[in-house]
Every structure is written in C-alpha cells, then in structure tokens.
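Asker: Just so you know, the sequences run in chain order Y and R. Heads up, the first sequence is in our numbering, so the first residue is 14 and it goes up one at a time. Heads up, the second sequence is in our numbering, so the first residue is -6 and it goes up one at a time.
These are computed hints drawn from the structure, not numbers from a lab. Quantities reported herein were computed from a predicted structural model and do not represent experimental measurements. Check before you lean on any hint, since a few could be wrong.
[As the list claims (entries may be wrong)] In the DSBU-like style, the derived pairs of lysine-lysine whose C-alpha atoms are separated by at most 30 Å in a straight line are:
id : chain 1 : residue 1 : chain 2 : residue 2
1  : R       : K99       : Y       : K93
2  : Y       : K168      : R       : K20
3  : R       : K65       : Y       : K245
4  : R       : K99       : Y       : K281
5  : Y       : K314      : R       : K99
6  : R       : K243      : R       : K169
7  : R       : K107      : Y       : K281
8  : R       : K20       : R       : K107
9  : R       : K12       : R       : K65
10 : Y       : K314      : R       : K65
11 : Y       : K229      : R       : K231
12 : Y       : K111      : R       : K20
13 : R       : K12       : Y       : K307
14 : R       : K12       : Y       : K168
15 : Y       : K56       : Y       : K79
16 : R       : K243      : Y       : K96
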Amino acid sequence: MFALRRAPTSPSNRRLLSTLAVLEHRGGQISASSLPALTAASKLGGPVTAFVAGTDSAAIAALAAKLTGVQKVLHVENAKYDKGMPENFAPLLVANVKAGGFTHVVGAHSAFGKNILPRVAALLDVQAVSDITGIVDANTFVRPIYAGNAIATVKSAQAVNVITVRGTAFPAATEEGASAAEVAKAPEDPDTEMLTEWVGENLATSERPDLSTATKVVSGGRGLKDRENFEKYMQPLADALGAAIGASRAAVDAGFADNSLQVGQTGKVVAPQLYMAVGISGAIQHLAGMKDSKVIAAINKDADAPIFQVADVGLVADLFQAVPELTEKLKE
Amino acid sequence: MTTLRILVPIKRVLDYALKPRIASSGKSIDLTGQKMSLNPFDELSIEASVRLREAHPARIADILAFSAGPAKSQDALRTAMAMGADRGLLVDAGVESDLEPLAVAKILKMVVQKEECNLVILGKQSIDDDAGQTGQMLAGLLGWGQATQAAELTLEGDNITVVKEVDGGTETVRGKLPMVVTTDLRLNEPRYASLPNIMKAKKKKLDKVALAEYGAGLERRLEVLQVVEPPPRQGGGKVEDVGGLVAKLKELGAI
C-alpha cells in the first residue's frame, strides 16, 4: 500500500484532549462510584481535572487532589449543589466545560451521573455515551447494549464527549503514587434557578449493602416457593456473607420479594465479585442482569437448569437443606 | 389549576424475552422476523398517565402517545391507546431508522411545543440501546424540571411529587408543571389491554408525520463500528456437596 496515511480530522482531534471528571461526594467523602470513573478518565490520555461542587467542596477537593491521575481540581463552594439537582448542576458543568475548553466530561453511571450528564450533553448539543465498559481510544468507546447481550463499539467525532462509566469495568483510583494536584475555584458558577425542590431521602440504613453496588449478592428464585421461605432462607445467608439480596423476575412476579430486588434485563444489572443464585433456573432475562459477575455460584435441584452453564461452581441439591448448611459453614 | 396535556413517548423494541442476534453486517442487531414489543418501561409510563386520569378525571385534557421509528411502531401506539392513551402520533423515520436519544429529544421538544404538553412521562431507558438519556435530554432542551426513575408519582395542584429510585434507596423531589418524569419498574403494574379496548383503540386518531418535517440536525452523532456477542462464560462444573461449594468459592477468591 502506497497510500498516504492521514490522521482523521475530527474536531476533537484538532483540539488538545482534556478531561473534566465529575466527582460525587457524601458525608465528607468522595463516593466510591466516582473512583472507577476517575480511572477511566485517566485512560483517555489527556490531563484530568476533577470537579466537585457543594458545601465543604474545598475539603473534598483536597481529598481529590491526592488521587492518582488527577492533575487539577476545580471546586464550587455553594450549598445549592449539595443534592445534585440536575436543573442547576447541569448548567454549572456546561459553563465550566465551556470555560475550560474540555473535550471530555466523565462521570459514574450512578443515579447522580445518569440523572445529570445526559442533560449536560443536551445543553452542549452532543450525543452522550452511557455506561461504557471499555476505552479503545479517546473517541472510541465500548458499551453493552441489549442488557449486555451484545457489546457495541462506538466512535464519536463530536467536539465534546460526555461519558458515564460502569463502575465494575474499571479499577478504583487510589492515592498510590499520586502527586498533589493543584486546587482552584471553578471559574463559573451560574447559580441557575432550581426548578425542582429536594424533599427528602430514604436510604437503606441496614447493615446490608445496596444491591446495585454490593460486592456480593445472593439471589433467590421461584425455587424458594413462597415469601416466608424467601426471607427465612435468604436473609441469614446474605448476613453470613455480608451480601445484598436479589431476586429473579419469577420470584418478584410471584410476590416472594420486592420489585426493587429484581435482577435482570428489566430490573437491576449487577456485577459483583460473587453472585450466588439460589433456586433460579437462569432464564435469559435473568442472566442479562448478572452474567458480568466475577464468580457465579448456583444451587438448584435441577441438574439441567441453564444457570449451571454459566456458573463457575454449581451444586445440585435441595436448597432447603443446602442453604442452611451453607449459612452455618460460612459463619464458621 | 392547569389541565394536564400529557405526552407519553414510547419505543418499539425487540421483545425482552428474546436473545438478540448480531446482524451479518456486524454493526447492528438483526430484527427481521423477530417479535417486537412495547419497551417495558414505556408500558409503565402509559399506565402512570392513565392512573393520573383515574385519580384526577377532570384535570387530564389529553394523553398523547408518541413514537419515532419505523412505520410498524404504530402497533406499539395502538397498544398504548388500548391501555388508555387518547391518540397517537407516529414520526415515520423509515425502516432502517436508528435515531439517537438526542435526536428523539429534539423531535419531542417540537412535539411538546406544538401540542402544548405540560407533562412528559417516559421510560427510564429502552431495553435495546440502554442509553437512559432521552428524558433528561428533553428536560434540558425545554429548560424544564426533571425527575428520573420514578417509583411513586403524585399530582397535587400544579405540583408533582416523585419518589425516585437512587443508589441505596429512594429520594423525593417536588416540581411544578411543566415537568419531565421517567419511570422505573416499581412505579406500577401495567394493565393488560382488554379486547374491547383493543377494538376501541383502532378507532382512535393516529397521526403520521414524516421525519423530514422535523428538520435538520437529527443525524447520528455516534458511528457504530461493530456489535459483537459478549465473551461466552464457561461453566466451571459442579461440586458434590456444600463443603465442596465452600472450598471452591475460597479457591476462586470469592469468599
């Protein structure tokens, strides 16, 4: 081939790559979900500026400045940003993206990120890229579609790329080997009018971790037969493992478990270190919600259940005997 | 108190129970001959609108079901009308239509303005491209308040109170009309369309408009380079008893 190789001339290639990473915080700490997003931001290749807003943003900014890959931290001290309301947080980000000439805006694919970043993208007139699991280059991203049943690689030629990151797909940024980054006040605070009012919240106060972010999940299916059994067998097992509790759609539809526990294509998509499926056959609808788990264990009395085709370890047994025995063994 | 003109955008997608097949181009999903259904989250939006009418019969002036996509999306619109939407609007984007959330949000903005809607209820995401963006983008373009992933929705006067699903629990926000709300699975249980209602829905008004009427700027911004199957998982085999299970989990570093 004698053809001349030319670099593509997309707008983002003509500008110098620089990334704004939006950090979430709660109770004076940077949220765990933001740390993998920071790693993804570093992988894009350009300098990373972390962004924090709200009361005590200076203290959070100081924490962010110690993290690997952060070159600079911008913060906005204004209590109006405490609740992460999209109507004023999105214009805040847009103003600072424009002021700083950033080519990439990165955040976690968390409730906060999902709520705010598409609004930011629309205000910048760009198509956002949701829930990425891989970065090919600064303009090319990998993301699951069809609840993870297919993996798409998409290329953007947009001047700004607005990206949310799947937390389980990237390691969390740490303080290891980091040099202290510069901390500065963000240049813009448009202080846009609040169109919705934050009324309150009801966050799980139990010791049990949240299903979406738990490192271990035990999930029950139709095999548990009724709601009493679901509670009687699954709760002690979850406690023994320090795991969150999930359920199959069949278990939810049959009323064994609350809707909010449903794992699957139409429920929550989880990717914990350990996913233990109890009395779950493994329908496509369910597998779509958990097959990116690191280790899958299955207990089912039907040796031909499809769940065994994906399980790293399977036990063919009556769950009503196996689960209490397992719970005891785990406590030891 | 204002009357409500509700817009319910819906999408026709591959049925949730089917496993998607990669098209021979390697750049999309092959939908030919596949069972298509109303996106499950959109069923919740229609149900939510109909329940608002049931709770406030005098205040709901209109429930407009909308879809942008291939001509066959009218099947999904008929379903929405059988569930209780008053009328339908189809933006025919052609067989190969592959509109991105930003384009859909731009079309919706124009529909909202033309139809003078003051409440838009959308699914939190479609189960095909899983973007979860359209509602937020629309709210941004309109400059309206937004409440995403609604698990409860209450109308009092001109205030809408929404209990939202967030990581680790719920959060409650309150906004004034006009507003954009996206629905989560816990919001309600959609009704089945009864046969008489399906027959009645055939007589309801369904307008069809060509995509070109919505102007320029709707082209794709992201190029799909490839679509592949995820790496298959290999089952790791079975163990004899609970002791074996615990030993294997320890070996795998899972406990």
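Asker: What are the numbers of the hints the structure violates, in ascending order?
Answerer: 3, 5, 6, 7, 8, 10, 12 and 16
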